[in-house]
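Taking the hints into account, I'd like the entire structure generated from these sequences.
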Amino acid sequence: MHIRSGTQDDAEPIAELHTRSWLTAYAEIMPAGYLNGPLLDERKAMWSTRLATVTAEQDHTRCLLVAVDGDALVGFAYLAVEADGRILLDNLHVEPVRKQSGIGRQLVHHAFGWAAERHPDKTVYLEVLRDNVAAISFYRRLDGRPTREFMERFPAGFELPVVEYTWGPDNVRILADNRSTTDRLVP
23 MHIRSGTQDD AEPIAELHTR SWLTAYAEIM PAGYLNGPLL DERKAMWSTR
73 LATVTAEQDH TRCLLVAVDG DALVGFAYLA VEADGRILLD NLHVEPVRKQ
123 SGIGRQLVHH AFGWAAERHP DKTVYLEVLR DNVAAISFYR RLDGRPTREF
173 MERFPAGFEL PVVEYTWGPD NVRILADNRS TTDRLVP
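Just so we're aligned, residue 23 is where the sequence shown starts under our numbering, counting upward by one.
Accuracy of the hints is not assured; some may be wrong.
What the hints assert, rightly or not - In silico DMTMM-like cross-links for lysine to aspartate or glutamate, where the CA-CA straight-line distance does not exceed 25 Å: (1) K121 - D91; (2) K121 - D165; (3) K66 - E149; (4) K144 - D91; (5) K66 - D106; (6) K144 - E104; (7) K144 - D192; (8) K66 - E50; (9) K144 - D199; (10) K121 - E64; (11) K121 - D93; (12) K66 - D112; (13) K144 - D93; (14) K121 - E186; (15) K144 - E171; (16) K121 - E50; (17) K144 - E181; (18) K66 - E181; (19) K121 - D153; (20) K66 - D93.
Unchecked claim - Here are the computed distance ranges between Cβ atoms for each label pair: (21) T75 - P142: 20 to 26 Å; (22) V90 - E50: 14 to 20 Å; (23) R163 - M23: 16 to 22 Å.
These aren't lab readings, by the way, just hints derived from the structure by calculation. Here a beta-carbon is modelled for each residue, glycine too, at the ideal position from N, C-alpha and C.
This is how it looks when you write it as structure tokens:
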């Protein structure tokens, strides 16, 4: 397995993985009607748009990292610098059958490496559904700190409780330093 920067060619495999991830992680959390609806089409449209922007602009305000094993995409992480200066880890997904294999941890280490190198002394945060116990446990093991709770309204018309987890600049650097020395991204 290695981690590389994402390209426009990754849009469809990312959308498919994103959908599989939601179907398994959110099966008991989100309404079945939503998950069994046009989720894949929504993810395809979202990733086509995002990847056109990520690869066309070299302003370092967005980053997409993909984990690949041979020709198979097995995970990805997407980050964006927000208006308040913090960095949002907006997506972190691993192929459901490959969870707990270290892929997610390596993606976090590389994502935080990008943040530490491109945006030193910035905070990284993410938002996770409060009932996503496995993800929350993972973020806590990585020393994420819960900093805020709120209700998020989804475009499909339902609301769910969300928890924000945050890593300060020192923790971002520590996690970045845990990247595999044999698997560093080429700038």
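Hints versus structure:
1. Among the hinted pairs, K121 with D91 is consistent with the structure: their alpha-carbon atoms are about 14 Å apart, no more than 25 Å.
2. Distance hint between K121 and D165 is fulfilled; the C-alpha atoms sit about 19 Å from each other, no more than 25 Å.
3. For the given pair, K66 sits about 21 Å from E149 by alpha-carbon distance, which is consistent with the 25 Å threshold.
4. Restraint check for K144 and D91: not satisfied, since their Cα atoms lie roughly 31 Å apart, outside the 25 Å limit.
5. Of the supplied pair hints, the one linking K66 and D106 is violated, its CA atoms being roughly 28 Å apart against a limit of 25 Å.
6. In summary, the hint linking K144 to E104 is supported, as the alpha carbons are separated by about 11 Å, within the 25 Å threshold.
7. A distance of roughly 9 Å separates the Cα atoms of K144 and D192; the hinted pair therefore holds under the 25 Å criterion.
8. Of the pairs offered as hints, the one joining K66 and E50 holds, with about 23 Å between alpha carbons and a cut-off of 25 Å not exceeded.
9. For the suggested pair K144 and D199, the alpha carbons sit about 16 Å apart, so the restraint of at most 25 Å is met.
10. Distance hint between K121 and E64 is fulfilled; the C-alpha atoms sit about 24 Å from each other, no more than 25 Å.
11. For the hint pairing K121 with D93, the CA-to-CA distance comes to about 18 Å; that is within 25 Å, so the pair holds.
12. For a cut-off of 25 Å, the pair hint linking K66 to D112 stands: about 16 Å separates their Cα positions.
13. Simply put, K144 and D93 have alpha-carbon atoms about 34 Å apart, too far for the 25 Å limit, and the pair is violated.
14. Restraint check for K121 and E186: the C-alpha separation of about 22 Å stays at or below 25 Å, so the hint holds.
15. Between K144 and E171 the alpha-carbon distance is near 21 Å, which keeps this suggested pair within the 25 Å criterion.
16. Proposed proximity of K121 and E50 is supported: the alpha carbons are some 18 Å apart, at most 25 Å.
17. This hinted pair does not check out: K144 and E181 have alpha carbons roughly 30 Å apart, beyond 25 Å.
18. A C-alpha spacing of about 23 Å is found between K66 and E181, which places the hinted pair at or below 25 Å, so the restraint holds.
19. For the given pair, K121 sits about 18 Å from D153 by alpha-carbon distance, which is consistent with the 25 Å threshold.
20. A distance of roughly 20 Å separates the Cα atoms of K66 and D93; the hinted pair therefore holds under the 25 Å criterion.
21. The hinted window of 20 to 26 Å between T75 and P142 holds, with their beta carbons roughly 23 Å apart.
22. In this structure the hint that V90 and E50 lie 14 to 20 Å apart at CB is violated, the actual value being about 30 Å.
23. Separation of R163 from M23 is about 20 Å and conforms to the stated range, judged on CB atoms against 16 to 22 Å.
In summary, the structure is inconsistent with hints 4, 5, 13, 17 and 22 from the numbered list given earlier, while agreeing with the others.
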